[in-house]
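With the hints as extra help, turn the sequences into a complete structure.
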Amino acid sequence: MTPIITHEDELELSKLERELMTQIRKLAKAQSTLINSISEPVDAFGDFIDIHYADQELQRLEKRIEKLKPKNEWGELVLVYSILSDICKAKAAEALEDEDNVDLDVVNKWKIRAEEYKRLGKDALLQLDSLELEKGIKTDDESLFTEHDESDMKREKKIEDIFDDPGFLEF
1 MTPIITHEDE
11 LELSKLEREL
21 MTQIRKLAKA
31 QSTLINSISE
41 PVDAFGDFID
51 IHYADQELQR
61 LEKRIEKLKP
71 KNEWGELVLV
81 YSILSDICKA
91 KAAEALEDED
101 NVDLDVVNKW
111 KIRAEEYKRL
121 GKDALLQLDS
131 LELEKGIKTD
141 DESLFTEHDE
151 SDMKREKKIE
161 DIFDDPGFLE
171 F
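The UniProt record's numbering applies: residue 1 is where the sequence shown begins, and numbers increase by one.
Don't take every hint at face value.
[To be verified] No farther apart than 30 Å at their CA atoms in a straight line, the calculated lysine-lysine pairs in the DSBU-like style are these: (1) Lys67 / Lys135; (2) Lys122 / Lys111; (3) Lys135 / Lys63; (4) Lys71 / Lys111; (5) Lys26 / Lys15; (6) Lys71 / Lys89.
Hint data in this document are derived by calculation from the structure and do not stem from the laboratory.
Dropping the structure here:
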């Protein structure tokens, strides 16, 4: 025997379907909000930085800056400054978590350091852009997909280099 579905049953089903769809949409919005609200600092490889070791990470990255600046490694400097800024923001938020003992001087110190690293990162990015302009590096679509003839880049061979090569006489 086949059940008979009346018009009222169809209306009730469509009402239930609409309610179910609105609940699904609400859950989907909540899920996407959780995914997009990741506020933990990450390192260059996307790994979360353990904030308990943030002081060691700060020291390590500041030493890295001292090595990168003389070499004019502006791209890496931008990344390092970005990570340092994220760590300082996390340290400021950590200082605010203790509601009983909030030291606003410490919080402001971390916020100022974060803004300073952010500014230094922007400066390094400008240096990188100006360096690319000086060297004439093109990044438009045509130059990305054209082949370059690198035959003019061969270095001059000297006879001493050939005889000093241990694989010269091996066949």
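To see whether the hints hold, each was checked on the structure:
1. Lys67 / Lys135: holds (23 Å)
2. Lys122 / Lys111: Given that 30 Å is the threshold and the Cα spacing comes to 17 Å, the pair holds.
3. Lys135 / Lys63: Holds. Lys135 to Lys63 sits at ~28 Å (cutoff 30 Å).
4. Lys71 / Lys111: holds (29 Å)
5. Lys26 / Lys15: holds (17 Å)
6. Lys71 / Lys89: Measuring from Cα to Cα gives roughly 28 Å; hence the hint holds.
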